[in-house]
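Peer 1: These are the residues of each chain, in order.
Protein chains: 4
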Amino acid sequence: MRHEKVEVIFQAAVEVFAESGFDQAKMDEIAQAAGVAKGTIYYHFKSKEELFVGLMNEGMEKLSDCVRRGIALKKSPSEQLEALLHAHILFFVKNGKLAKLLLNEAFGTKERQRQFRTKIREYLNLIESVLQQGIEQGEFQMAHPREMASAIFGAASVVVLQKIYSLEENQSEEIEATAPTMIESVQQLVFHPLIK
Amino acid sequence: MRHEKVEVIFQAAVEVFAESGFDQAKMDEIAQAAGVAKGTIYYHFKSKEELFVGLMNEGMEKLSDCVRRGIALKKSPSEQLEALLHAHILFFVKNGKLAKLLLNEAFGTKERQRQFRTKIREYLNLIESVLQQGIEQGEFQMAHPREMASAIFGAASVVVLQKIYSLEENQSEEIEATAPTMIESVQQLVFHPLIK
Amino acid sequence: MRHEKVEVIFQAAVEVFAESGFDQAKMDEIAQAAGVAKGTIYYHFKSKEELFVGLMNEGMEKLSDCVRRGIALKKSPSEQLEALLHAHILFFVKNGKLAKLLLNEAFGTKERQRQFRTKIREYLNLIESVLQQGIEQGEFQMAHPREMASAIFGAASVVVLQKIYSLEENQSEEIEATAPTMIESVQQLVFHPLIK
Amino acid sequence: MRHEKVEVIFQAAVEVFAESGFDQAKMDEIAQAAGVAKGTIYYHFKSKEELFVGLMNEGMEKLSDCVRRGIALKKSPSEQLEALLHAHILFFVKNGKLAKLLLNEAFGTKERQRQFRTKIREYLNLIESVLQQGIEQGEFQMAHPREMASAIFGAASVVVLQKIYSLEENQSEEIEATAPTMIESVQQLVFHPLIK
DNA sequence: GATGAATGAGTTTTCATTCAT
DNA sequence: AATGAATGAAAACTCATTCAT
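Chains as they are written, first to last, in my numbering: chain A, 1 to 196; chain B, 1 to 196; chain C, 1 to 196; chain D, 1 to 196.
Quick caveat, the hints were computed from the structure, so don't treat them as lab data. Heads up, a few of these hints could be off.
What the hints assert, rightly or not - Taking beta-carbon pairs under 7 Å as the criterion, some of the chain A residues facing chain B (in silico):
no.: 1; residue: Gly21
no.: 2; residue: Asp23
no.: 3; residue: Met27
no.: 4; residue: Gly96
no.: 5; residue: Asn104
no.: 6; residue: Phe107
no.: 7; residue: Glu111
no.: 8; residue: Gln115
no.: 9; residue: Ser150
no.: 10; residue: Ala151
no.: 11; residue: Gly154
no.: 12; residue: Val158
no.: 13; residue: Val159
no.: 14; residue: Leu161
no.: 15; residue: Met182
no.: 16; residue: Phe191
As the list claims (entries may be wrong) - Here are the simulated EDC-like cross-link-like pairs (lysine to aspartate or glutamate), alpha carbons at most 20 Å apart as the crow flies:
no.: 17; chain 1: D; residue 1: Lys110; chain 2: C; residue 2: Asp28
no.: 18; chain 1: A; residue 1: Lys94; chain 2: A; residue 2: Asp23
no.: 19; chain 1: A; residue 1: Lys119; chain 2: B; residue 2: Glu15
no.: 20; chain 1: A; residue 1: Lys110; chain 2: B; residue 2: Glu50
no.: 21; chain 1: B; residue 1: Lys48; chain 2: A; residue 2: Asp23
The beta-carbon is built from N, C-alpha and C at its ideal position, and this holds for glycine as well.
Input sequences plus hints: build the corresponding full structure.
Peer 2: Okay, structure coming up:
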């Protein structure tokens, strides 16, 4: 297993980065939150950026794994897509901190953001491949599976993020209870027309 | 009409903020890009934050206006929703800089971000009201119009953002040509099931 | 004339760099000594290194000018060499701080030191050209004017440095009084054999 | 005999200190170069400073021994002085790393430098005593043997240093071949007038 | 209205040193 | 004897903001 202190630092870093964003996050704060000296972080990570990138990669890895596991149980593309949405939203609900970071830091021209987008691109490819299979097997019908993948990703992600922040502003914490609502909405968007 | 210098500063600020994000953007750089002295910015704006907030508010205003104008021409909610998506995507395509800022700075706990989210909330209300009318007039059918509004907003925004950055990485600039692809995709998502 | 603050910073920097050497010198200390804020130094100089290099260049420039002026008054190479030694030693005596920096920072593989050595090389060329002329005019006789230039430079410089530090340890300050002693010694080394 | 590890550390330390100077040299780098753990250095030396001082003392010791051995074979002061110059220059040529350190770290107000200068003072006394004997025995003639000792030390040292760095910049390594040139030059400076 | 030199609080990062194993 | 993870004090540098001109 990974070095104990590294784990502690990772935990603390997610909290702090999610709370403040990359630039506003202070290494001091991360160190304090982790209960280690600032030097200790630098003993394990070359820089703030490297720490952040490590974090993001791990986060995307977890999301991918989680979604892949959900898909693996299903046979037909439409069931797989359903499972994908379900897993994606639940993952974001359970890992709100990561979700915040994901959208906050996904876009931008900094190197770390570019690197990060590569990971997102991979995740989008996963979605796209499900769509593609559906098309090939005659289940789905769409002209632009790549754009559709982005749109679905955006819908599923922003629903959760918006909910997180709106609940935060009302200081309620019962987000898990609202998961079905969000899943249902995105499922409808994808599988049924809004129009009667 | 607004003071000439203010306009110049606004223009420059959008560029710089979009390129670097709020924190990494330097007032020096904005001043240089605007061709004014740094002090001049502070003569017109109290702070970096105020400049940014002014910018974002104006941006959201423009987006709202643009969408509202699109809707106004239509009668039925479904036509209105169609027009809304169309206008939203075209606006983001035409104002890529603003689009970047929008998603980059929409989430976070800083005061400026909270303020900004208020504007987004208003925009989401606009979408929601179209959905609501559709329900009332028996055109639409959905359990959670609020969540649906978020999902639609996310789908339409992320499609464009993802496209912008993916084109940037390939150094092509022909994003306007791809607008129909994106509009079509989101329209399908909203109006037709993916499933045959 | 040069900007007032720049001048003040230069003055302070010579003091501090000479006292502590490049690495041990703190920008804080220089700022305090100059009576300006640390930021002011960085407003005028890009980095500690740039400040230092500027300083050294100016120092070598002054030394060169001073020696050149001494030489200019003389006709024959031997008179010129005499004047050169005289001027060099007096300059070091008057500008002890600079003399310290000169020897302390002349050697090393850092970029700033390499740059600095280029200036010293130029100064050595000046000495060498006097020697060369002496040879051509039949006044001097030597096999390796380049090495001789280094040797003379070393003799004249180290004599003064050693004296500065030995006086410092005895807390006496009367170095100017000892200048003739040093000049005489180096003159003898160059013009008369030690051997009777 | 000295502990094996101590020897290894010394070797590595000379390299690293000579390459980077005292301040820029990193204990990590020395440890790596020596192939031991950082803690091991601290097991054998109390501090970076102590390691450095030990090094310098040993270096000066070796120089002194080498020169003393050269002198011991000669009888007359002028032969002794000749041998001294010869030994000094050859020692610097053979121990370039040490030579660099010697001049780089000889001057300055830090405690380690003061300590080091004590050793140099002793070496200068050795030179001075040869001069003094020459005067007493009627071979030499000079007003200020102490200053003359400094001047000779400076000439002999700087000649080599300047050559080392100028060859380094041209990436040639044949310094040993140039030793006679340098010895000859300093010998002339000391024993024969430049003037015909 | 406009300017840009000056400021100093705030941040990342480095590295000698320690100490439990 | 030897190790190397952990530490925290120290330093270079940044940049939003101010203000005299």
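Peer 1: Kindly indicate which numbered hints from before are broken by the structure, ordering the numbers from low to high.
Peer 2: 3, 4, 7, 8, 18, 19, 20
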